[in-house]
Amino acid sequence: MDLSFTAEEEAFRKEVRSFIRENLDPVTHRKVADGRIPSKDEIVAWQRTLNARGWATPSWPKDAGGPGFSAVERYIFLDELHQAPAPEPVSFNVSMIGPVLIQFGTDAQKDRFLTKTANNDIWWAQGFSEPNAGSDLAALRTSARREGDHFVVSGHKIWQGMAHHADWMFTLVRTDPSAPKKQMGISFLLIDLRLPGVTIRPIITADGRHEVNEVFLDEVKVPVDCLVGEENKGWDVTKFLLSNERTGIARIGMTKHLIRRIKRLAGDDQAVMRKAAAIEAELKILEITQLRILDAQRKMTGPDPRSSVLKLKGVELRQAASELLLEAAGGQALEERTDEDPLGPENEEWLGTIMPNYSILRAASIYGGSSEVQKTIVAKTLLGLN
Amino acid sequence: MDFELSDDQRMLKDSVERLISDRYGLEQRLRYQSEPCGWSKAIWNDFVELGLTMLPFSEEHGGLGLGGVETMIVGEAFGRGLVVEPYLCSIVLAGEAIAQGGGEGAGDLLGPIMGGEIIAALADRAEVVTEGSTLSGSATVVLGGDTAQLFVIPEGEGAWLLPADARGLAVRPYRLHGGGGAADLSLDSVPLEDAQRLADGAVARAIECGIGFLAAEATGAMQAALDGTVEYLKTREQFGKPIGSNQALQHKAAEMLVEVEQARSAAIYAAILSNEPDAAERARGMAAVKAVIGKTGRFVAQNAVQLHGGIGVSEEHIVSHYFRRLTAIGMLLGGTDMQLKRLAELGGFTGPEDHLAA
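Quick mapping for you: the protein sequence lines, in order, are chains A and B.
All residue numbers for the first sequence refer to the numbering used here, where the first residue is 311 and numbers rise by one.
All residue numbers for the second sequence refer to the numbering used here, where the first residue is 29 and numbers rise by one.
Do not rely on the hints blindly, as some may be mistaken.
[Unchecked claim] Mimicking DSS-like on lysine-lysine, the simulated pairs with C-alpha atoms at most 25 Å apart in a straight line are:
#1 A:Lys690 - B:Lys69
#2 A:Lys491 - A:Lys426
#3 B:Lys41 - A:Lys690
#4 A:Lys690 - B:Lys262
#5 A:Lys549 - A:Lys372
#6 A:Lys531 - A:Lys543
#7 A:Lys531 - A:Lys420
#8 A:Lys420 - A:Lys609
#9 A:Lys609 - B:Lys41
#10 A:Lys350 - A:Lys491
#11 B:Lys369 - A:Lys573
#12 A:Lys492 - A:Lys426
#13 A:Lys491 - A:Lys420
#14 A:Lys492 - A:Lys420
#15 A:Lys350 - A:Lys549
Hints are computed from structural coordinates only; laboratory data are not their basis.
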């Protein structure tokens, strides 16, 4: 047994860190370090900087235009971004639709979308959830009926992260309402958000920000060449998407950044430092769990239900750290500020995001498979309880 | 990076696990505990014959020269079997202190310990002072002290080796909840003229080895408690169906699995840390390991009992024994709060500095 990275892997870590140090715009860096959400332009600029280096799409294979990272390199790369901290490559583009198009897309679809997706010339939104289809995603009702060489799509999608930045949306629609199982009549469609009949409406979340949206689709005519995979086989594509790319799901590097901020604020407050140590102890051990699963995954193919373990514990610790950061900041953190407020002095912790981020991080145990869904997966697949 | 066992390590694992499953059922364990010394000399001899008592010591000391991973393998199997023989105290703690600090005479001192003829114990909770050439003070909960013939008494950064029958040394032996025995020592002007001194740092190193062993033992006990619980959930029926079909219980079992995986990672981390040359890195790591073991052990133990229902608190069911041993493990060699205090004092793993500055 051996925990250490190879000399090449260590060198790669250094290379990534230097690249971030030298190429990440200082304002973007300050914003992410403060816990603010960078602007669309800042996120796109960073994505293009990464893309110019060949690193914008860490999980894509070489022949699809990706860097062809090993599982360990992918882990190191994301860990450095999380710790720096720098914006992650836009996950809707890079972790979700990109791998789907690589796996299921036609050659025409790959040619049309992949390069632009990597460079963020197209920003993608995810159109999965609906008001009555959350954890039970297959209960979705948005309908698409075939008319000549179009699908005519109508329905109501919800929780579209950053859809107000987006150009296109990958969407689940019901194409066969009479299918014997609800999973069987679903198709995976790409929808140009500029088409007539698309309305995007903001949802303001508990952090006061506009990050998520509702998308209303009213008789939107979507060309049939925007179907990914076979008609009525969209659930297979969805399962692939949801199980794909779980590297870094524990977000350990992000929690480490929160720990750094806690320690800057805590000074010599021993009570806070003791609580920070409790989080750090578990986080250090979670890092070992992450590496163990990474080591096992690189020797297997397909989804690994132990990713649920990483998500459960990773979210628990990240939420605990955000809560402790709030405690360390104290009452001053209650003053309402916005991400648009001017940047403060270089060495002063920005308190304006601490309460909003604590609030919105409660969603981390809800999205991407809620903690309850993860526990059910663990119980059924790893413990055989039915 | 590699988390696989080597072929030799797998063979060791197979043979230790076979020994435990053949010879260490719950009823056998109760019989061993009812022997006069509280453990089985026959089993102890099996451990000696299998080479387990020689395992961590260098070949120049007459040992097998194996390391943290092999010790972890033994610890995990012992945890599953709830082994009560004095392996932790005599081999891992006192033995390691002698190996680390005994200088040229270490091999001679270790001979009878490896041979199983002498049981040694390390007084990790000792408060003693030297007065002239004598030692006075006390030590509490000295693991294995009830049957030890040789004591390692830490004083300053080093330690003294004293025979149990040393003049001025009084031993009050007792049994421990969770299995095994211990003793309180009182030292009243114990003469040190003939006592061997162990070098500075040896005890700290031995305690780190002890934490690693406890982490492995806890992992074995937790995994066994989880396995037994899941089996029970699948077979116990109430309201006409297996209780494991209830989501509330499924989720509790899933939470237990998450903590068992964390415990396993802690044990692996400790095994690998035992080769870490940087003392500060080892100290931080071992504090985290012990803290996590304490926390996960409590969680798994309490919920294993809860999911078993009434039978879980009965003496005749093994889950109540796992519960007690895991509780004890959390408290030995420094409890969770102490470890977290220490980790905080050592600055934790992540400083306040900007990541990109490093």
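Which constraints among the numbered hints does this structure fail? Numbers only, ascending. Hints 1, 2, 3, 8, 10, 12, 13, 14, 15 are the ones this structure does not satisfy, whereas the remaining hints hold.
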